[in-house]
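Here is how the chains run, residue by residue.
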Amino acid sequence: MSSYDETELPARIIERPEWSTKETSEGAQELFERDETSREQIFREAGSVLRMPEGPVLDASQIDVERSDDETMIINMGPQHPSTHGVLRLMLELDGEVVLRTKSVIGYLHTGMEKQAEELTYVQGCTNVTRMDYLSPLHNELVFSLATEALIGVEMPERATWIRMLMCELNRMSSHLMWMATNGMDLGSTSMMIYGFREREMILSFFEKTTGLRMNNNYIRPGGVAADLPDGWEDDVAVICETILARTYEYDELLTGQPIFRDRTEGVGGLSAEEALALSVTGPLLRSTGVPWDLRRVQPYLAYDQVEFDVIVGTYGDNFDRYAIRLAEIRESIRIVRQILDKMPAGPYRVQDAKVTPPPRGRIDTSMEALIHHFKIFTEGFKVPEGEVYVPVESPRGEIGCYLVSDGSSKPYRMHIRGPSFVNLQVLPTLLRGGLMSDAVACISSVDPVMGEVDR
Amino acid sequence: MSDVALGAFQGVVAAGGIGVDQVLFPNRSEYHGLVAQLRATGFEMCADLCGVDYLTHPGRSSVPAGVAIERFEVVVNLLSLSMKRRVRVRVQVPEADPVVDSLFDLYPGTEAMERETFDLLGIRFTGHPDLTRILMPEDWEGHPLRKDYGTGRVPVQFKEVPGPR
Numbered sequence: 001m002s003s004y005d006e007t008e009l010p011a012r013i014i015e016r017p018e019w020s021t022k023e024t025s026e027g028a029q030e031l032f033e034r035d036e037t038s039r040e041q042i043f044r045e046a047g048s049v050l051r052m053p054e055g056p057v058l059d060a061s062q063i064d065v066e067r068s069d070d071e072t073m074i075i076n077m078g079p080q081h082p083s084t085h086g087v088l089r090l091m092l093e094l095d096g097e098v099v100l101r102t103k104s105v106i107g108y109l110h111t112g113m114e115k116q117a118e119e120l121t122y123v124q125g126c127t128n129v130t131r132m133d134y135l136s137p138l139h140n141e142l143v144f145s146l147a148t149e150a151l152i153g154v155e156m157p158e159r160a161t162w163i164r165m166l167m168c169e170l171n172r173m174s175s176h177l178m179w180m181a182t183n184g185m186d187l188g189s190t191s192m193m194i195y196g197f198r199e200r201e202m203i204l205s206f207f208e209k210t211t212g213l214r215m216n217n218n219y220i221r222p223g224g225v226a227a228d229l230p231d232g233w234e235d236d237v238a239v240i241c242e243t244i245l246a247r248t249y250e251y252d253e254l255l256t257g258q259p260i261f262r263d264r265t266e267g268v269g270g271l272s273a274e275e276a277l278a279l280s281v282t283g284p285l286l287r288s289t290g291v292p293w294d295l296r297r298v299q300p301y302l303a304y305d306q307v308e309f310d311v312i313v314g315t316y317g318d319n320f321d322r323y324a325i326r327l328a329e330i331r332e333s334i335r336i337v338r339q340i341l342d343k344m345p346a347g348p349y350r351v352q353d354a355k356v357t358p359p360p361r362g363r364i365d366t367s368m369e370a371l372i373h374h375f376k377i378f379t380e381g382f383k384v385p386e387g388e389v390y391v392p393v394e395s396p397r398g399e400i401g402c403y404l405v406s407d408g409s410s411k412p413y414r415m416h417i418r419g420p421s422f423v424n425l426q427v428l429p430t431l432l433r434g435g436l437m438s439d440a441v442a443c444i445s446s447v448d449p450v451m452g453e454v455d456r
Numbered sequence: 001m002s003d004v005a006l007g008a009f010q011g012v013v014a015a016g017g018i019g020v021d022q023v024l025f026p027n028r029s030e031y032h033g034l035v036a037q038l039r040a041t042g043f044e045m046c047a048d049l050c051g052v053d054y055l056t057h058p059g060r061s062s063v064p065a066g067v068a069i070e071r072f073e074v075v076v077n078l079l080s081l082s083m084k085r086r087v088r089v090r091v092q093v094p095e096a097d098p099v100v101d102s103l104f105d106l107y108p109g110t111e112a113m114e115r116e117t118f119d120l121l122g123i124r125f126t127g128h129p130d131l132t133r134i135l136m137p138e139d140w141e142g143h144p145l146r147k148d149y150g151t152g153r154v155p156v157q158f159k160e161v162p163g164p165r
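Residue numbers (the numbering used here), protein chains in the order written: chain A, 1 to 456; chain B, 1 to 165.
Source of the hints: derived by calculation from the structure; they are not laboratory data. Mixed in with the good hints, there may be bad ones.
Calculated pairs, PhoX-like style, for lysine-lysine (alpha carbon to alpha carbon, straight line, at most 20 Å) [claimed, not checked]: (1) A:Lys115 / B:Lys84; (2) A:Lys376 / A:Lys343; (3) A:Lys411 / A:Lys355; (4) A:Lys411 / B:Lys147; (5) A:Lys376 / A:Lys355; (6) A:Lys383 / A:Lys343.
Here are some chain B residues pointing at chain A (derived, C-beta under 7 Å) [to be verified]: (7) Glu44; (8) Met45; (9) Cys46; (10) Asp48; (11) Val52; (12) Ser61; (13) Ser62; (14) Asn77; (15) Leu81; (16) Met83; (17) Lys84; (18) Gly109; (19) Trp140; (20) Gly142.
These stretches of chain B come out as covered by chain A in the derived footprint (C-beta under 8 Å, 3 or more residues) [what the hints assert, rightly or not]: (21) 111-122; (22) 125-139.
All C-beta atoms, glycine included, are put in the ideal place defined by N, C-alpha and C.
Using the sequences provided together with the hints, build the complete structure.
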């Protein structure tokens, strides 16, 4: 593309020729051939981004910086590849079938949601954040709502807290089931894909019954939840728990003990605890390395200190550990949900503060104040005191955090979501290095990235 | 709970709010040294790093007296798994020279976060190995999360849309 006829170039490229980079004009984000890369950069990329302050994790002698471009090949995987779980683009440097260097190129799904959040009121904000991690929308809503409530300083009614916990645990189950499905698919088990989607659909049907929507629920809002649980929810949830628990043992038969599956996952994509901590990895990835870090346990939010559950940890940090952790976490979530069934308190499902909570429909017709409050909340929104707060919760993918800055108006001054997928994705060069190309698919899957959250 | 050991840090320290023990306000020259000190005292993980543009809200009350307020702020949330506590570091970055030290050598996990902050707010990180745009296309002009970045000027923005942005 070097022999451009100038008349064919866009006007802004003629004005600023330096914008005209090679082919896709996305030059510097890419992985370059070795001739064009400095020695230091190759060293860094070949060793992932790891250069630990306390001593080398990577043996420098293992890195072959002298290899010539003639022996290696850089290929693109994605952004349209079905196994990249969305629009993730990986550039892989291969020597035969062995992956030497990896660079992920992201941003294909960037829609400026953090900028958008500054234009939306706190009431509308949940509709925005719920679309980030579209496989666990309720956790996004939860973290945004908790951050807003922390700034306002309202006390949640007990029932609202427990409803939130119930929905979040069901969401964790559906997210992990979705992961089991796609992971099975990536490893060639199409029956697992169908089973995973089938079970997830049960939970989504319950979400539809409760929130009106299968995904992107906008159910958890600042000040409580949007609606009370439907009549007979106990029966629905009990059936979900019973069915899915029984089915997880079917997955055991289908995958856990299956020799092909174990061959493809055991010892593949190994990660050490030091690497995971240095790369800020959280969630099942961190726990697979043996670090018992689960925010539900160590920094309890909602009412997680009042339910019993185990934090599942792995030993080897390989793909099989991550599979086993997610499968076991489904069972732990079922255990939590069953306790919530027993302990669900009665009472209001949202804060009884007319400044934050819209009045019930019936009162709008009879009360002038209710009408005014309703109008103010849905046009102007409620004002949030000035301040800044960072609230983390444990989503199925790890620590999702919301850094919220308020200037005292009814719209966030700055809302930053710390997406676990975005941070966890940095681990890919480490997982893939030295492995086979065919295992790359399994490794990407085991990180469980949701591109809606990576790119936001 | 006792205060975090801060070593030689002499800057402003505020009591933390919800979920955070302390908020530290180093200036730019103290920033890297302070985070190195915190890392040595047991903050193993950099949970989050982001930037804020305070262009239209300069007189913010969350910054205590004694801190010279600037337009940009880089906010780092550090996490200690061993002590189960969090600490927040807020460093002021002036508009004229939006440059701070990179934390990459202390926490390799900040690589993507610093790239994102550079991309969306235009704050540059000295010592970052690969400071390129991460979410926006490489040839994008402007930094969208800045408060003076106009939204809605061009109905749909694609790479090859001609004219000023």
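Status of the hints after comparison with the structure:
{"no.": "1", "hint": "A:Lys115 / B:Lys84", "verdict": "violated, 32 Å"}
{"no.": "2", "hint": "A:Lys376 / A:Lys343", "verdict": "violated, 36 Å"}
{"no.": "3", "hint": "A:Lys411 / A:Lys355", "verdict": "holds, 15 Å"}
{"no.": "4", "hint": "A:Lys411 / B:Lys147", "verdict": "holds, 14 Å"}
{"no.": "5", "hint": "A:Lys376 / A:Lys355", "verdict": "holds, 9 Å"}
{"no.": "6", "hint": "A:Lys383 / A:Lys343", "verdict": "violated, 34 Å"}
{"no.": "7", "hint": "Glu44", "verdict": "holds, 5 Å"}
{"no.": "8", "hint": "Met45", "verdict": "holds, 5 Å"}
{"no.": "9", "hint": "Cys46", "verdict": "holds, 6 Å"}
{"no.": "10", "hint": "Asp48", "verdict": "holds, 4 Å"}
{"no.": "11", "hint": "Val52", "verdict": "holds, 5 Å"}
{"no.": "12", "hint": "Ser61", "verdict": "holds, 5 Å"}
{"no.": "13", "hint": "Ser62", "verdict": "holds, 5 Å"}
{"no.": "14", "hint": "Asn77", "verdict": "holds, 5 Å"}
{"no.": "15", "hint": "Leu81", "verdict": "holds, 6 Å"}
{"no.": "16", "hint": "Met83", "verdict": "violated, 11 Å"}
{"no.": "17", "hint": "Lys84", "verdict": "holds, 5 Å"}
{"no.": "18", "hint": "Gly109", "verdict": "holds, 3 Å"}
{"no.": "19", "hint": "Trp140", "verdict": "violated, 10 Å"}
{"no.": "20", "hint": "Gly142", "verdict": "violated, 12 Å"}
{"no.": "21", "hint": "111-122", "verdict": "holds (count 5)"}
{"no.": "22", "hint": "125-139", "verdict": "holds (count 10)"}
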